Each structure stands twice: as structure tokens, then as C-alpha cells.
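Put together the whole structure using the sequences plus the hints.
Quick note on numbering: our numbering labels position 79 of the sequence shown as 792, and the sequence is numbered without any gaps.
I should point out that these hints are in silico values taken from the structure, not numbers from a laboratory. Note that this is a predicted model, so its numbers are computed, not measured. Incorrect hints may have been included.
Said to hold, decoys possible - Have a look at the derived ranges for each label pair, beta carbon to beta carbon:
1) R839 - T725: 18 to 24 Å
2) P776 - A739: 26 to 32 Å
3) P795 - T725: 43 to 49 Å
4) P776 - L849: 16 to 22 Å
5) V722 - R839: 16 to 22 Å
6) G832 - G762: 34 to 40 Å
Built from N, CA and C at the ideal position, the CB exists for glycine as well.
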Amino acid sequence: MDFDDDAVVPWTVVRASHALSRVFTAELAAVGLKPHLFGILATLHRNPGMSSADLARQVRVTPQSMGSLLRGLSADGLVEHPEPRRGQPLSLRLTAAGEELLGRAWPVIARMNQPEALGLTATEARQLNSLLHRVLAATD
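Here's what the structure looks like:
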């Protein structure tokens, strides 16, 4: 059998993910963030008041894992959530400290998101992002 592993799209995505994850992790560490925490803060910034369950779906973790992550973020003063009323979903928001930390992360993210940092042209970067979003939607 002749296999060309370079032609296997999921394997290429996994390898690219590992490579970008190493860089992303190192760069975000400089501002005191981990990638999954950046995702949570950025998602809450874009969608204040969202529920814990919706947030878990957006950042692709289990509701149980999200509960643990939110307890840590809340203890660190980065996320707040008023006590839900019976039958009401948990409504999450960034605190001023959470917004400030996210603000410190944006220049790092912007630098890493430059097409040339990814070895792409601007058109290729937009196309890749669009295609990856389609893959995310197809794998929900």
C-alpha cells in the first residue's frame, strides 16, 4: 500500500494545530494567559451575558470543564456572574480586570494573526480562516 500522509487533510490540520499551539501558548504566556483562557475571555468580550453552556460550546469544552475554568477565572477576578435566579441560565461577563488582561493580549494576537507570520498572503489568510470555520461548523 502506498500512503501519502501529506494528502490527509485532518492530519495536516492536526500538525498545523500543534505547531501553532506551541507558538500561541508561548506568546500568550508573556501576558499571563493560556490559549483556552484567551478563548473564554475573547468570547465573553464579544458576547457579554452568555450562559456557561453556550460558552462551553463556543470554546469546545465540556460543561463540566467550563465550570472548573470559570471558577478559576472568577477567583482571579476576571469573570463575574451574578447568582442565577431559579430556572435562569448563568449570565457571564468580564470584569474590568478581565477586559484589561484581554486588552494586553490583543497586540500579541494581532502580531500572530498577521498573514506573513503564518507564511500566507492576506487573501490566503482570509481564505484559510473561512475554510477552518467551515470545518468547525461541519464537525459540530
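Holds or violated: 16 to 22 Å for the Cβ distance of P776 and L849? The hint (16 to 22 Å, Cβ to Cβ) holds, given that P776 and L849 are roughly 19 Å apart.
For the hint 16 to 22 Å, verify it against the beta carbon of V722 and that of R839. Distance hint for V722, R839 holds at roughly 19 Å.
Would you say the C-beta atoms of G832 and G762 sit inside 34 to 40 Å of each other? 38 Å, holds
Taking the Cβ atom of P776 and the Cβ atom of A739, is their distance within the range 26 to 32 Å? 29 Å, holds
Check the following: the C-beta atoms of P795 and T725 are separated by a distance inside 43 to 49 Å. 44 Å, holds
Starting from the range 18 to 24 Å, see whether the pair R839 and T725 falls in it by beta-carbon distance. With a Cβ separation near 19 Å, R839 and T725 satisfy 18 to 24 Å, so the hint holds.
Consistency note: the structure conflicts with none of the earlier hints.
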